[in-house]
Amino acid sequence: MTTFTNPASARPAVAARRDGIRDALDVAPALLVYGVTLGVLIGSTVTGDGAGLLGAPLIYAGSAQLTATTMFQQGAGLVAIVGSVVAVNARLMVYGAALAPRFAGQPRWFRLAGVHFIIDQTYLAALRRPDHRGREFREYWLAVGFAVMAVWSAGVGLGVLIGPRLPDLPHLSLAGVALFIAMLVRRVQDAAGKAAAAVAAAVGPLSAAAMPGIGVLAGTAAGIVAGTIVGKFVGEFTGKKRRR
Amino acid sequence: MNGLTYVLLTAGVSWLLRLTFVVLISGDRLPARITAALDHTAPAVLAALISVGTVTSIQHDSGAVRLAVLACLLGVAAVARRRPSVALSVGIALAAVLTIDLLLVR
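Residue numbers (the numbering used here), protein chains in the order written: chain A, 60 to 303; chain B, 2 to 107.
Hints listed in this document are in silico derivations from the structure and should not be mistaken for laboratory results. Just so we're clear, the structure is a prediction, and the values are computed from it rather than from any experiment. Note that beta-carbon positions come from the ideal geometry of N, C-alpha and C, so glycine has one too. Honestly, I wouldn't trust all of these hints.
Said to hold, decoys possible - So, partial list: chain B residues that the calculated Cβ filter (under 10 Å) puts toward chain A:
no., residue
1, Val56
2, Leu68
3, Ala81
Work out the full structure: start from the sequences and follow the hints.
Listed below in structure tokens is the structure:
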């Protein structure tokens with residue numbers, strides 16, 4: 060039996076897939092460095108290289124894997140490890156809520172499996188492509204998700220392999236920070252965004268000092284509140300000006 | 002608990018967190034006020050990741066190294082504003098890391 064594919068309907072899907080690969084390539088150099096960093100750190104722990112390599116695609120969240128690895132090495136119990144992973148990864152729930160409209164109406168297999176690709180980089184990349192909906196979003200998301208995961212896993216694997224041969228580089232994680240700076244600069248445009256970023260940047264380290272592991276989540280929550288308040292204030296102010 | 006068990010456990014918890022507002026509690030039924038607030042997630046989470054990552058990285062360093070790291074990150078931000086390229090930003094940071102760790106820290 061011959062199956063015919065309508066070229067017109069296939070075109071947007073192909074374009075969406077291309078966008079996904081393009082977005083993955085955009086973050087690939089930085090992600091590779093971040094992955095290598097994590098691989099080097101994991102390679103120096105007692106958890107074993109196999110667990111570290113398997114964790115890259117399975118956990119697919121660098122900060123959570125690093126937190127769990129460190130706690131496991133320190134002899135922490137099951138509840139402590141799970142609690143810390145929840146605290147570090149809670150932002151993924153926020154990303155899920157923001158992406159939920161695009162996952163709505165998708166096949167069940169995609170909703171169950173596709174959520175695995177939700178990380179900082181893929182979420183932020185998808186925000187830049189608001190036009191991808193339905194099948195296009197599915198094609199885009201699978202392309203960017205698999206490509207980013209391949210780069211990430213390769214980076215961690217490389218880090219585990221070359222870690223023992225590298226000189227001591229205690230500030231290697233700054234490459235990951237630089238990646239986030241480059242992504243932030245593109246997004247801080249209006250007063251609400253600036254307020255969200257400023258408050259999150261201040262609250263994050265203060266919360267981490269009080270309770271390690273919750274810094275990013277607490278900073279994010281405070282930033283969202285600040286952005287909402289400033290956005291509302293600016294909106295009301297410009298609305299009043301227009302009415303005058 | 003061995004290494005594999007903790008990896009599978011962490012993977013399972015992470016998947017459930019990702020699933021929460023997509024499958025378990027439908028995020029598209031969230032009130033409009035909450036959906037609007039989510040617009041600020043990206044700058045907030047990025048700024049928090051940057052500040053927490055920076056502070057964690059320099060907390061055991063001397064004053065000179067801290068200054069060098071902060072100068073490097075300010076430089077990255079300044080370049081990113083003029084030319085928003087992730088690869089360029091990471092390249093600058095890597096050059097700075099090698100300089101700081103191989104020349105300053107030793």
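Okay, the hints, checked on the actual structure:
1. Val56: Nearest chain A Cβ about 4 Å off; hint holds.
2. Leu68: violated (13 Å)
3. Ala81: Ala81 of chain B check passes; min Cβ-Cβ to chain A is 4 Å, inside 10 Å.
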